[in-house]
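Undergrad: Please work from the sequences and hints to get the whole structure.
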Amino acid sequence: MISQDCNEYIISPEEKILVTGANGFIGSRVVRTLLSYGFKRVRCFTRPTSRSGSLEDIVKKFNRAGIEIIKGNLLSREDCRIAAEGVSIIYHLAAGIDKSFPGCFLNSVVTTRNILDAAIEKQTLKRFVNVSSLAVYSNEEIPRGGLLDETCTVDTKLVERYDPYAYGKAKQDQVVVDYAAKGLPYVIVRPGVVYGPGKTSIPGRVGIDTFGIFLHLGGLNTLPLSYIENCAEAIVLAGIKKGVGSEVLNIVDDDLPTSGEFLHQYKINVRKFKSINVSYRLFYIFSYLWENYAKWSKGQLPSAFNRKRCTVYWKGNQYSNQKIKKMLGWEPRVKMEEGLRRYFEYCRKLEKNHA
Amino acid sequence: MLKIGIIGCGKIADLHAEQIRWIPGCEIVGVCDQEELMAKQLYERFRVKKYFTDPRELFKAEKPDVVHITTPAQSHFELGKLCLEAGASVYMEKPFTLNFKEAQALIDLAVEKKLKITAGHNVQFSNVARRMRRLVQNGYLGGFPVHMESIYGYDLGDRSYATALLGDKRHWIRSLPGKLAHNIISHGVCRIAEFLNCDNPKVIAQSFTSQFLRNLGETDIKDEIRAVIMDQNGATAYFTFTSQVRPIIHQFRIYGPRNSLIVDDDHQILIREKGTKYKSYLDHFIPPFVYAKQLAGNGAYNIKKFLKRDFHMSSGMRNLIELFYQSVRYDDPLPISYKEIIITTRIMDAIFG
Chain A
17 MISQDCNEYI
27 ISPEEKILVT
37 GANGFIGSRV
47 VRTLLSYGFK
57 RVRCFTRPTS
67 RSGSLEDIVK
77 KFNRAGIEII
87 KGNLLSREDC
97 RIAAEGVSII
107 YHLAAGIDKS
117 FPGCFLNSVV
127 TTRNILDAAI
137 EKQTLKRFVN
147 VSSLAVYSNE
157 EIPRGGLLDE
167 TCTVDTKLVE
177 RYDPYAYGKA
187 KQDQVVVDYA
197 AKGLPYVIVR
207 PGVVYGPGKT
217 SIPGRVGIDT
227 FGIFLHLGGL
237 NTLPLSYIEN
247 CAEAIVLAGI
257 KKGVGSEVLN
267 IVDDDLPTSG
277 EFLHQYKINV
287 RKFKSINVSY
297 RLFYIFSYLW
307 ENYAKWSKGQ
317 LPSAFNRKRC
327 TVYWKGNQYS
337 NQKIKKMLGW
347 EPRVKMEEGL
357 RRYFEYCRKL
367 EKNHA
Chain B
173 MLKIGIIGCG
183 KIADLHAEQI
193 RWIPGCEIVG
203 VCDQEELMAK
213 QLYERFRVKK
223 YFTDPRELFK
233 AEKPDVVHIT
243 TPAQSHFELG
253 KLCLEAGASV
263 YMEKPFTLNF
273 KEAQALIDLA
283 VEKKLKITAG
293 HNVQFSNVAR
303 RMRRLVQNGY
313 LGGFPVHMES
323 IYGYDLGDRS
333 YATALLGDKR
343 HWIRSLPGKL
353 AHNIISHGVC
363 RIAEFLNCDN
373 PKVIAQSFTS
383 QFLRNLGETD
393 IKDEIRAVIM
403 DQNGATAYFT
413 FTSQVRPIIH
423 QFRIYGPRNS
433 LIVDDDHQIL
443 IREKGTKYKS
453 YLDHFIPPFV
463 YAKQLAGNGA
473 YNIKKFLKRD
483 FHMSSGMRNL
493 IELFYQSVRY
503 DDPLPISYKE
513 IIITTRIMDA
523 IFG
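Line order of the protein sequences matches chains A and B.
The opening position of the first sequence corresponds to residue 17 in the numbering used here, with each subsequent residue numbered one higher.
The opening position of the second sequence corresponds to residue 173 in the numbering used here, with each subsequent residue numbered one higher.
Among the clues, some could well be false.
Stated by the list, open to error - Here are the simulated DSBU-like pairs of lysine-lysine, each with C-alpha atoms no more than 30 Å apart in a straight line:
no., chain 1, residue 1, chain 2, residue 2
1, A, K76, B, K273
2, B, K480, B, K451
3, A, K314, B, K212
4, B, K351, A, K87
5, B, K477, A, K311
6, A, K87, B, K212
7, A, K311, B, K480
8, A, K258, A, K339
9, B, K183, A, K173
10, B, K221, B, K285
11, A, K311, B, K222
12, B, K222, A, K115
13, A, K138, B, K212
14, B, K212, B, K273
15, B, K183, A, K314
16, A, K311, B, K175
17, A, K198, B, K222
18, B, K477, A, K115
19, B, K212, A, K115
20, B, K341, B, K183
21, B, K212, A, K198
22, B, K235, B, K221
23, B, K212, A, K173
24, A, K87, B, K341
25, A, K311, B, K221
26, A, K311, B, K212
Stated by the list, open to error - Here are some chain A residues pointing at chain B (derived, C-beta under 7 Å):
no., residue
27, P64
28, S116
29, P118
30, G119
31, F121
32, T172
33, V175
34, I229
35, S313
36, K314
37, Q316
38, L366
These are computed hints drawn from the structure, not numbers from a lab.
Please read all numbers here as calculations on a predicted model, not as lab measurements.
Beta carbons are placed, not taken as given, at the ideal position from N, Cα and C, and that holds for glycine.
TA: Shown next as structure tokens:
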């Protein structure tokens with residue numbers, strides 16, 4: 017058990033906590049962290065399609081009878097009522113990961129509205145932790161290499177960016193803020209790129225392999241990484257710490273590597289493959305041409321590459337974790353070097369198994 | 173300006189709105205979904221005039237000329253009736269209705285109201301399908317079709333749809349008479365229906381659950397269908413729906429008394445099978461080159477269409493919508509005959525019955 021002063025928390029270890037998306041990459045670590053902190057009654061909400069193997073492992077490991085696993089659909093208001101019954105904190109991690117705008121919207125926004133309605137109806141909620149994403153910010157007004165933090169504006173042109181996931185997340189955040197007017201106590205957390213064992217793909221901010229060869233687009237940009245365990249702990253603290261209300265907190269680790277460093281290490285530690293360095297300016301021109309072709313051809317190609325997307329993901333910014341450290345007293349326990357070592361080791365083993 | 177409404181603002185509605193925005197002379201005047209948030213997101217993204225949660229309000233406020241119904245099939249009949257009674261022609265997403273009875277009633281109502289209705293059999297209007305139709309209309313087969321084969325593959329691994337369905341015992345697809353297949357097979361069945369020369373063909377069908385699904389503990393969903401279809405004039409057809417054949421293919425073969433055609437929807441390839449017979453070994457040497465030439469020709473044709481901005485991924489839907497709007501505007505013939513819609517529904521009834 018991680019020793020913490022319970023007087024700093026808004027709930028006691030006996031109070032009920034709901035985690036939606038509890039079987040996901042981050043969700044399962046949030047559950048594990050909550051149990052490590054000594055919370056005894058954690059309700060895990062998962063999709064009916066979700067295999068709850070990793071959750072069952074956690075239940076076995078912690079040997080706690082107070083862990084509940086509920087399978088359901090957040091699109092069902094009845095399921096939401098059952099899930100929200102008697103809970104003091106909700107960690108809302110379930111999200112739409114569809115490729116389409118309506119798919120992401122339905123599974124991020126409508127589901128959030130449903131769980132919020134249920135929570136408000138039950139009147140036991142002390143805090144709602146909405147897990148959003150760093151991808152919702154706009155960096156148009158920030159120069160290359162400038163600081164992107166919680167004071168930056170949320171992008172309002174996510175449709176033009178052709179980014180259904182970020183669109184769903186931004187709209188989800190808006191629903192949460194709207195519910196604050198109905199008395200919802202909330203915190204919005206926006207993790208950067210969460211990595212660690214369990215994730216296999218190279219982050220899109222590093223580059224893409226859409227055209228058959230890996231295009232390294234990140235160059236010397238800083239990568240907003242957060243190691244899974246660090247991120248999960250930050251999310252947990254955002255829910256339980258006293259004195260945090262109606263706040264937005266970005267989650268990134270310390271000692272962030274550049275995209276080039278990450279790719280170099282990946283090639284050394286996981287597998288070697290060919291990549292081409294493409295400068296931001298060159299890819300910006302390509303995105304401009306693609307965007308215009310998409311319009312000119314009346315949608316013969318989707319505007320999947322466009323200037324806005326290029327700007328957000330590959331222009332390059334600096335990131336800060338000062339606010340979350342100050343408000344929650346959070347420190348990334350797993351240092352960047354160690355996090356990357358574990359991640360690369362996991363990827364290497366997976367590669368070997370595939371071979 | 174043709175005024176368009178959309179009822180049902182989920183994923184498929186996006187595809188419709190995306191096509192409509194490029195069609196000149198029309199405007200989406202209202203979108204409607206009983207879930208207000210869904211209606212609002214479509215309205216915002218496509219800069220539609222208004223959004224509604226009640227179709228009656230849509231009709232009252234905007235009086236659309238055409239309404240696209242993109243809701244689950246269980247609501248198609250009631251919504252179709254509502255639209256026609258309100259004076260709007262209807263583009264109905266597939267499957268047209270739950271059964272023949274509902275399909276016939278909607279078509280009768282459209283005729284009675286002097287309005288139009290069509291089914292979202294958009295695969296019939298892809299570039300390759302239109303090429304095939306032109307050849308058949310020009311007599312390439314050398315007479316009526318003797319036999320047809322339609323194979324329609326489906327990928328159960330599709331994350332966004334099939335996995336959700338398999339895990340969710342309350343999924344709306346499960347309450348369709350034919351469950352998963354009911355929502356899919358009309359694309360494959362209508363290809364046969366187009367060329368059948370009767371109203372009520374004979375159908376012998378066998379449906380079963382694949383071993384793959386049985387291993388997952390799924391027994392309700394039939395993901396393999398084999399059907400033999402025959403019209404009163406003796407034209408026959410085989411229809412196959414499969415989730416297990418790899419690669420996943422969508423093909424249609426139509427055999428005439430003189431020549432035959434093969435349509436490969438996945439690669440947009442049309443192959444002419446000529447009845448020409450070469451002497452002796454030449455029959456083994458010449459045809460491979462003839463096929464190679466045809467395949468190269470298909471590739472060149474597709475590239476040419478792409479360069480001319482006429483090779484959209486959803487070109488079938490765009491073409492069908494354009495033709496349907498023309499039919500509504502100028503009283504042109506319908507792109508899909510009512511007979512074809514009825515036969516498709518009857519065959520599906522027989523398969524699921």
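Undergrad: Now look at each hint and say whether the structure bears it out.
TA: Taking the hints in turn, this is what the structure says about them:
1. K76/A <-> K273/B: Violated - the C-alpha atoms of K273/B and K76/A are around 55 Å apart, more than 30 Å.
2. K480/B <-> K451/B: The hint is violated at about 41 Å.
3. K314/A <-> K212/B: Cα-Cα ~24 Å, so holds.
4. K351/B <-> K87/A: With a Cα-Cα distance of about 22 Å, the restraint between K351/B and K87/A holds, given a limit of 30 Å.
5. K477/B <-> K311/A: Distance of about 17 Å is within 30 Å: holds.
6. K87/A <-> K212/B: 29 Å, holds
7. K311/A <-> K480/B: 14 Å, holds
8. K258/A <-> K339/A: OK: K258/A and K339/A at ~15 Å, within 30 Å.
9. K183/B <-> K173/A: 20 Å, holds
10. K221/B <-> K285/B: The given pair, whose Cα atoms are some 27 Å apart, holds under the 30 Å limit.
11. K311/A <-> K222/B: 25 Å, holds
12. K222/B <-> K115/A: 26 Å, holds
13. K138/A <-> K212/B: Distance of about 27 Å is within 30 Å: holds.
14. K212/B <-> K273/B: Distance ~34 Å between K212/B and K273/B Cα, so the pair is violated.
15. K183/B <-> K314/A: 20 Å, holds
16. K311/A <-> K175/B: 23 Å, holds
17. K198/A <-> K222/B: 27 Å, holds
18. K477/B <-> K115/A: 27 Å, holds
19. K212/B <-> K115/A: 19 Å, holds
20. K341/B <-> K183/B: Within the cut-off at roughly 21 Å; holds.
21. K212/B <-> K198/A: 21 Å, holds
22. K235/B <-> K221/B: Within the cut-off at roughly 13 Å; holds.
23. K212/B <-> K173/A: 16 Å, holds
24. K87/A <-> K341/B: Holds. K87/A to K341/B sits at ~11 Å (cutoff 30 Å).
25. K311/A <-> K221/B: 22 Å, holds
26. K311/A <-> K212/B: 24 Å, holds
27. P64: Cβ of P64/A sits 4 Å from chain B, so the hint holds.
28. S116: 5 Å, holds
29. P118: 5 Å, holds
30. G119: Cβ of G119/A sits 6 Å from chain B, so the hint holds.
31. F121: Given a least distance of 5 Å, the restraint on F121/A holds.
32. T172: 11 Å, violated
33. V175: Status holds, d = 5 Å.
34. I229: 22 Å, violated
35. S313: S313/A check passes; min Cβ-Cβ to chain B is 4 Å, inside 7 Å.
36. K314: 4 Å, holds
37. Q316: 5 Å, holds
38. L366: Violated - the Cβ of L366/A stays beyond 7 Å from chain B, reaching only about 20 Å at its closest.
Comparing the model with each numbered hint stated earlier shows that hints 1, 2, 14, 32, 34 and 38 do not hold.
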